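Residue numbers (the working numbering), protein chains in the order written: chain A, 1 to 449; chain B, 1 to 449.
In short, the hints are calculated from the structure, not lab data.
Since the model is a prediction, treat every value here as computed from it, not as a measurement.
The reader is advised that the hints may include incorrect statements.
[Unchecked claim] Heads up, simulated DMTMM-like pairs for lysine to aspartate or glutamate below, C-alpha to C-alpha not over 20 Å straight-line:
#	chain 1	residue 1	chain 2	residue 2
1	A	Lys4	A	Asp58
2	A	Lys201	A	Asp186
3	B	Lys4	B	Asp275
4	A	Lys22	B	Glu441
5	B	Lys371	A	Asp58
6	A	Lys201	A	Asp168
7	A	Lys4	A	Asp275
8	A	Lys413	B	Asp416
9	B	Lys80	B	Asp25
10	B	Lys134	B	Asp186
11	B	Lys135	B	Asp275
12	B	Lys22	A	Glu441
13	B	Lys371	A	Glu395
14	A	Lys371	B	Glu395
15	B	Lys413	A	Asp416
16	A	Lys135	A	Glu37
17	A	Lys371	B	Asp230
18	B	Lys201	B	Glu243
19	A	Lys89	A	Glu243
20	A	Lys134	A	Glu243
21	A	Lys141	A	Glu51
22	B	Lys413	B	Glu343
23	A	Lys135	A	Glu51
24	B	Lys201	B	Asp230
[What the hints assert, rightly or not] Covered stretches of chain B, as calculated for chain A (at least 3 residues, CB under 8 Å):
#	region
25	53 to 59
26	96 to 103
27	136 to 146
28	359 to 369
29	389 to 398
30	423 to 431
Don't be surprised by glycine CBs; every beta carbon is placed ideally from N, CA and C.
Protein chains: 2
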Amino acid sequence: MVRKIIVIGAGAAGMTAASAAKRTDPRAAVTVFTEDEHIAYSPCVIPWVLEGRTTWNDIVMHDASYYSEERGITVHTMTKVTAVDGNTKKVTAGGRTYDYDTLVIATGGAVFRPPVPGVGLKNVFVVRTINDGKKIQNAMKDCNRVVIAGAGVIGLEMALSVRKGGKDVTAIEMFDQIMPRIADKDMAEPVQKHLERFGIKFVLSSPIQSIEGGDTVRWVTASGKRYECDMVILATGVRANLEVPKMLGLDIGKLGAVVVSPSMRPYRNGVLVDDIFVAGDVVQCESAIASGPTMSQLGSSAVKQGLVAGKNAAGDRASSGAVASPWVSVIGDLHIAGTGLSENLAAWYNIRTVSGRAEGFTRARYYPDHKEMIVKIMADADTHAMIGAQIVAGEDATGRINWLTDAIINGTKAEDFLERAENAYCPPTSMVRDVVISAAENLCNNLNR
Amino acid sequence: MVRKIIVIGAGAAGMTAASAAKRTDPRAAVTVFTEDEHIAYSPCVIPWVLEGRTTWNDIVMHDASYYSEERGITVHTMTKVTAVDGNTKKVTAGGRTYDYDTLVIATGGAVFRPPVPGVGLKNVFVVRTINDGKKIQNAMKDCNRVVIAGAGVIGLEMALSVRKGGKDVTAIEMFDQIMPRIADKDMAEPVQKHLERFGIKFVLSSPIQSIEGGDTVRWVTASGKRYECDMVILATGVRANLEVPKMLGLDIGKLGAVVVSPSMRPYRNGVLVDDIFVAGDVVQCESAIASGPTMSQLGSSAVKQGLVAGKNAAGDRASSGAVASPWVSVIGDLHIAGTGLSENLAAWYNIRTVSGRAEGFTRARYYPDHKEMIVKIMADADTHAMIGAQIVAGEDATGRINWLTDAIINGTKAEDFLERAENAYCPPTSMVRDVVISAAENLCNNLNR
């Protein structure tokens with residue numbers, strides 16, 4: 001008997017799961033359904049395509065025929081799943097019904113559209129799929145003033161991308177800082193200043209009240225003020241796509257996403273569902289730091305979870321641990337990265353924190369082209385465990401935030417990290433004492449005074 | 001009573017110890033002695049100065065008057081310590097005698113001169129101090145053919161630096177690979193090929209037998225062959241400077257360096273010496289991986305140890321853990337890094353190993369200017385603990401090797417690392433699944449088949 005595996009969704013989680021399932025059980029029949037026209041691409045790269053750094057064609061790794069011919073995986077694009085029955089184990093898609101032995105749900109998320117008047121007007125866009133990106137690219141030709149709604153990482157990336165296209169750009173954020181969920185105010189400020197130098201205007205502490213216009217958008221109101229524009233890009237966060245999970249009656253957690261076990265199995269009325277696996281933006285993760293749920297919604301998390309889901313759907317016994325959710329972005333000349341909790345998230349979990357901070361360089365002080373680097377590390381004031389870190393630097397933040405992530409996931413105490421930590425050094429790639437270690441020392445001093 | 005602290009040596013370990021001691025006890029009288037003319041510089045940068053990337057002036061962070069005026073530390077340059085008495089607690093230097101309450105020994109190392117005929121000829125150089133570098137710079141004007149004796153990291157850096165100055169360069173190595181102690185053969189090979197593309201010639205498996213010439217060097221013989229040259233640079237490893245430790249009768253370990261406790265105190269006949277601290281290239285460290293001694297001899301290790309030694313010499317209670325000794329170098333267009341044990345070192349410790357490896361890119365595959373990246377991770381075949389890793393990449397190896405170092409120092413099992421590890425992702429700085437994690441997966445597959 002051939003094992004029938006159906007995957008719903010063809011983003012990073014879905015396609016990774018499909019490939020992992022086929023590798024684990026090469027005789028399995030693996031079938032993927034997606035409403036999207038394109039598969040196997042990274043939506044994270046859309047701002048850079050709009051900026052002209054790469055092309056729509058280049059960012060699509062493979063098309064459906066590649067998966068069919070090279071990997072023996074059948075992919076149905078532009079095909080909506082209209083029904084799933086967990087008892088008879090059948091999926092209905094594109095008017096046909098398919099049996100499954102195991103099912104992987106990787107339906108991802110959709111951009112949250114704030115419930116304000118005018119959100120459906122012409123030239124109000126979201127950034128999620130290649131086709132979203134192409135619509136923006138097309139509309140850009142006739143637009144001069146763009147409002148970005150939401151100053152999270154994607155909002156900032158889009159703001160700069162559009163600004164580099166010569167447009168007048170205003171980013172409007174409801175909180176009193178940019179990147180309010182994942183970055184601390186003192187780390188967000190240098191990033192905001194950097195973007196202001198490119199000519200981007202910021203309006204903080206201002207929830208958008210309405211989007212106005214006739215045929216097309218003409219202005220946005222926020223905090224009682226009017227911001228004239230001919231395009232609005234909504235970068236207002238991502239909500240899990242729960243249509244399929246709800247068809248199956250799966251438990252939804254308090255963050256509005258599917259609750260999963262470490263094997264990426266969901267629950268129904270608190271009972272583990274054995275033959276379904278869920279991965280990517282549609283799941284709620286367990287925090288490695290606080291005893292509570294968290295949302296990762298990162299491409300790297302989707303791949304990691306997709307691997308586990310795909311292997312297990314094909315009969316393996318893989319598992320995925322609790323998460324710190326490290327992230328990084330390159331915005332202008334800055335590399336911005338974070339991991340674990342921000343101060344705002346720590347407050348949400350009721351954790352009392354102490355932080356340490358160091359400023360230095362990415363290379364030796366005297367080495368040409370060295371860039372500034374700021375590292376901040378936060379610890380639980382009671383246990384001294386490291387619980388979060390952020391880096392703003394001119395280069396090379398990625399490996400360093402992964403380093404801190406390893407320490408944070410392992411619950412390392414700040415003092416133990418400082419005693420043990422070693423850094424590789426050569427003048428073109430670091431200071432003799434890496435800024436990460438200097439920040440850890442400052443943290444230990446602050447914890448113990 | 002003012003605490004009198006004497007520091008012997010003004011390299012990374014010595015000057016860090018002096019500053020840390022003064023910060024810990026601001027009223028202490030801190031006095032430093034060095035035979036060198038310059039202080040507070042990184043010898044690691046000498047190859048890059050010779051290449052013209054920076055200048056001798058720029059690499060000296062501070063001079064003696066800065067330390068005196070800004071930090072209240074007295075530094076005696078070009079002053080040799082001729083006697084130390086641990087009973088009366090006196091140091092004799094430059095013909096005068098000084099009392100100490102605590103003593104920090106940071107006498108560093110010296111380049112090992114192989115015991116072959118002609119090693120004292122004119123135009124046979126070592127690379128250790130700024131004055132060594134200036135001598136090479138001066139001699140370069142009249143030299144055309146240079147032999148580098150020893151193809152470790154410093155030998156390779158010097159080979160490329162001299163080659164970029166237009167010289168004919170041959171690197172002669174006694175082992176059958178470059179970087180024989182710290183890198184595995186399969187990781188050393190792409191580095192050798194890269195350097196050969198710059199026109200550097202390599203002669204492997206050939207210990208140098210003699211250096212010949214009249215007034216000045218004319219050729220080197222190795223494995224019975226003659227290599228004509230008008231300059232030889234010895235990059236044949238560093239041995240601890242044991243003159244001062246021997247005056248004090250301190251215990252010397254089997255690797256030929258001073259044995260120290262985690263507080264950086266030495267031993268005399270197996271008994272801890274309370275009022276002396278030792279740091280930098282002169283000490284033998286405890287390996288974080290194998291139950292045995294190891295040599296770090298890295299600038300970053302010297303700073304770390306100097307901090308602990310300096311704090312404790314001023315009455316604090318700091319300690320330094322066992323080490324993995326991560327290192328990195330930029331050689332041509334390659335970033336080469338390693339941590340923990342190489343295969344050769346693991347064999348020396350009698351550890352049975354399994355390794356995993358992945359090849360990928362430093363950025364997303366489609367992102368402009370992405371570079372190749374090879375990551376290799378090694379585990380103990382019995383315990384599955386990660387014990388070593390190496391990276392060869394076009395950029396961004398440093399943070400990633402620190403990340404792996406954290407896991408290795410903590411004794412993380414390969415399977416646990418893979419289950420927990422997360423990587424920050426954005427297209428300009430990593431693949432969606434970092435090459436480090438792909439290498440860890442390959443390692444787990446190899447361990448469990």
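Consistency of the hints with the structure:
Of the supplied pair hints, the one linking Lys4 (chain A) and Asp58 (chain A) is violated, its CA atoms being roughly 32 Å apart against a limit of 20 Å. A hinted pair counts as satisfied when its Cα atoms are at most 20 Å apart, and Lys201 (chain A) with Asp186 (chain A) qualifies at roughly 19 Å. A distance of roughly 11 Å separates the Cα atoms of Lys4 (chain B) and Asp275 (chain B); the hinted pair therefore holds under the 20 Å criterion. Straight-line distance between C-alpha atoms of Lys22 (chain A) and Glu441 (chain B) comes to about 17 Å, which keeps the hinted pair within the 20 Å bound.
Restraint check: the Cα-Cα separation between Lys371 (chain B) and Asp58 (chain A) comes to about 16 Å, which is no more than 20 Å; the hinted pair holds. In summary, the hint linking Lys201 (chain A) to Asp168 (chain A) is supported, as the alpha carbons are separated by about 9 Å, within the 20 Å threshold. At most 20 Å may separate the alpha-carbon atoms for a hinted pair to count; Lys4 (chain A) and Asp275 (chain A) meet this at roughly 11 Å. At most 20 Å may separate the alpha-carbon atoms for a hinted pair to count; Lys413 (chain A) and Asp416 (chain B) meet this at roughly 19 Å.
A distance of roughly 26 Å separates the Cα atoms of Lys80 (chain B) and Asp25 (chain B); the hinted pair therefore is violated under the 20 Å criterion. A C-alpha spacing of about 35 Å is found between Lys134 (chain B) and Asp186 (chain B), which places the hinted pair above 20 Å, so the restraint is violated. Using a Cα cut-off of 20 Å, the hinted pair Lys135 (chain B) and Asp275 (chain B) is violated, with the two alpha carbons roughly 38 Å apart. For the hint linking Lys22 (chain B) to Glu441 (chain A), the alpha-carbon distance of about 17 Å falls within 20 Å, and the restraint holds.
With a CA separation close to 15 Å, the supplied pair Lys371 (chain B) and Glu395 (chain A) stays within the 20 Å bound. Using a Cα cut-off of 20 Å, the hinted pair Lys371 (chain A) and Glu395 (chain B) holds, with the two alpha carbons roughly 15 Å apart. Between Lys413 (chain B) and Asp416 (chain A) the alpha-carbon distance is near 19 Å, which keeps this suggested pair within the 20 Å criterion. Distance check on the hinted pair: Lys135 (chain A) and Glu37 (chain A) sit about 14 Å apart at the alpha-carbon level, within 20 Å; holds.
For the proposed pair Lys371 (chain A) and Asp230 (chain B), the alpha carbon gap of about 40 Å is over 20 Å, so the pair is violated. Taken as a hint, the Lys201 (chain B) and Glu243 (chain B) pair is broken in the structure, with Cα atoms around 37 Å apart against an allowance of 20 Å. The straight-line distance between the Cα atoms of Lys89 (chain A) and Glu243 (chain A) is roughly 17 Å, inside the 20 Å bound, and the hint therefore holds. Taking the CA atoms of Lys134 (chain A) and Glu243 (chain A), the gap is about 26 Å. The hint is violated against a cut of 20 Å.
Restraint check: the Cα-Cα separation between Lys141 (chain A) and Glu51 (chain A) comes to about 13 Å, which is no more than 20 Å; the hinted pair holds. As the CA atoms of Lys413 (chain B) and Glu343 (chain B) are separated by approximately 18 Å, the hinted pair is consistent with the 20 Å bound. For the proposed pair Lys135 (chain A) and Glu51 (chain A), the alpha carbon gap of about 14 Å is at most 20 Å, so the pair holds. Proximity of Lys201 (chain B) to Asp230 (chain B) is assessed by CA-CA distance (about 16 Å); at most 20 Å being required, the pair is judged to hold.
Counting residues of the region 53 to 59 of chain B whose beta carbon lies closer than 8 Å to any beta carbon of chain A gives 4, which meets the minimum of three for the stated coverage. Check on the region 96 to 103 of chain B: 0 of its residues sit with their Cβ under 8 Å from a Cβ of chain A, so the three-residue criterion for coverage is violated. With a cut-off of 8 Å between beta carbons, the region 136 to 146 of chain B has 0 residues touching chain A; three or more are needed, and the interface restraint is violated. For the region 359 to 369 of chain B, the proposed coverage by chain A is satisfied: 5 residues have a C-beta within less than 8 Å of a C-beta in that chain, meeting the threshold of three.
As drawn, the region 389 to 398 of chain B meets chain A at 3 residues by the rule of a beta-carbon pair under 8 Å; at three or more, the given contact holds. With 8 residues having a Cβ less than 8 Å from any Cβ of chain A, the region 423 to 431 of chain B passes the three-residue criterion, so the hint holds.
Checked against the numbered hints listed earlier, the structure breaks hints 1, 9, 10, 11, 17, 18, 20, 26, 27; every other hint is satisfied.
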